[in-house]
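Could you fit the two chains together into a complex? Lean on the hints.
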Amino acid sequence: MRSHFIIMCLFSVLVGAFFGTLTRDAVKDAVKAGALLALTMVGVSLVIAYVMFLLPLGG
Amino acid sequence: MESRGRVALACVLAWALPGAGHFYLGKRTKGILFLAIVLTTFLAGLGLQGRVYLANAEQPLSYLATFANVALGPLDLVGRQITYARILYRFPSEMEPGLYQEIQDRNRERILAETHEYGTTFVLTAGLMNILLILDVFDFGIGRKS
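If you read the protein sequences in the order shown, they are chains H and D. Residue numbers for the first sequence follow the numbering used here, so the first one is 509 and each next one is one higher. Residue numbers for the second sequence follow the numbering used here, so the first one is 16 and each next one is one higher.
It should be emphasised that the hints constitute simulated quantities derived from the structure, not laboratory data. In this text, all values refer to a predicted model and were calculated from it rather than measured experimentally. Using N, Cα and C, we set each Cβ at its ideal position, and we do this for glycine too. Don't take every hint at face value.
Pairwise CB distance ranges, derived in the manner of DEER restraints [as the list claims (entries may be wrong)]:
1. H:Ala-557 <-> D:Met-16: 44 to 54 Å
2. H:Phe-561 <-> D:Gly-20: 51 to 61 Å
3. H:Phe-513 <-> D:Pro-75: 29 to 39 Å
4. D:Asn-122 <-> H:Lys-536: 41 to 51 Å
5. H:Asp-537 <-> D:Gly-41: 18 to 28 Å
Quick list of in silico lysine to aspartate or glutamate cross-link-like pairs, EDC-like style, CA-CA up to 20 Å [stated by the list, open to error]:
6. D:Lys-160 <-> H:Asp-533
7. D:Lys-42 <-> H:Asp-537
8. D:Lys-42 <-> H:Asp-533
9. D:Lys-160 <-> D:Glu-17
10. D:Lys-42 <-> D:Asp-154
11. D:Lys-160 <-> H:Asp-537
12. D:Lys-42 <-> D:Glu-17
Isolated chain D, as found in the complex (with noise of 0.2 Å):
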């Protein structure tokens, strides 16, 4: 069992870079395969026209979808530079005309992608794998699991 600070600091790393909370707690070689699934979920998502997630009170749905990313660390800051040309989190209102078409042409661009849906789901696969990936630091940090 390790002291609460580790714990903590191997949650944080495991958000920050899939993989290096194992990597940390000692288990170098799972924390090394889980960087390399991860970011090959996530890259081939992109790489399918996928996108990530903006917040959007007409679609609640879409705040469960964008924690998803979010839980991807650093990676999701690079998945909406790349779907968006910019870091942007909650959905423009109609209020900021400029925005709002820009980001309504990008996703449409990509949604018109044939692979759209399949690399969307690549990428929300991989924030859902980094989430499981904190818990099970968790659970090896306070000696849940061996």
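Just chain H, same shape as in the assembly (with noise of 0.2 Å):
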């Protein structure tokens, strides 16, 4: 597997799962919370990895 993108997004969906089942106890509850901590990270990155994008990184 080389693709960066899908490399984050399995690394963003195990630890929303991860928290997920740690911080809730209902099944419904859980997979919101997973599901959202998940989308919350990726989302972040594409913002982080767009700014950065406009950066002058030299070279």
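Structural data, given as structure tokens:
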């Protein structure tokens, strides 16, 4: 697997699932919290990536 | 609230196998889910050419990383065997030239992989997850969390 985006999504899903399960007891609440966390991680990462794209990084 | 012995055993089980502490305290579904999540994270990390850390006096932060790896219990031994082909916790000194060179070569082989940083992050995260699981089991055990 070489796609950085897919690796990031996999990481976000695993971390989301972990914290959803850890912090919520009801299945529905856990899925909701986990999905929200995973989507937030992916979304924030994309925003940061686009902001960094505008920065002069030398070279 | 559980007895002290049961809490201690639950924490040891949680360290030995992710989710086992929850399973032991009756949270069976959570225990199985935690095992699946932590195991997937750890194995994905190794599959992405991640590595477990060795304590190195020249890099003090490596102690923290090694601690996070060791928090995975016996799974960490699997990681060490796969990464270094031996159970090793301390980075060898240059006084042991054969071992030093072998470990450097094995590290280099993984570091050159495109997904190495991701893989190492996955492996470290699996260890950190397990630390949180041990603390969660402790909280359940002493009745701080219902």
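Status of each hint after checking the structure:
no., hint, in the structure
1, H:Ala-557 <-> D:Met-16: 44 to 54 Å, "47 Å, holds"
2, H:Phe-561 <-> D:Gly-20: 51 to 61 Å, "56 Å, holds"
3, H:Phe-513 <-> D:Pro-75: 29 to 39 Å, "34 Å, holds"
4, D:Asn-122 <-> H:Lys-536: 41 to 51 Å, "45 Å, holds"
5, H:Asp-537 <-> D:Gly-41: 18 to 28 Å, "20 Å, holds"
6, D:Lys-160 <-> H:Asp-533, "11 Å, holds"
7, D:Lys-42 <-> H:Asp-537, "17 Å, holds"
8, D:Lys-42 <-> H:Asp-533, "10 Å, holds"
9, D:Lys-160 <-> D:Glu-17, "12 Å, holds"
10, D:Lys-42 <-> D:Asp-154, "13 Å, holds"
11, D:Lys-160 <-> H:Asp-537, "17 Å, holds"
12, D:Lys-42 <-> D:Glu-17, "14 Å, holds"
Of the numbered hints listed earlier, not one is contradicted by the structure.
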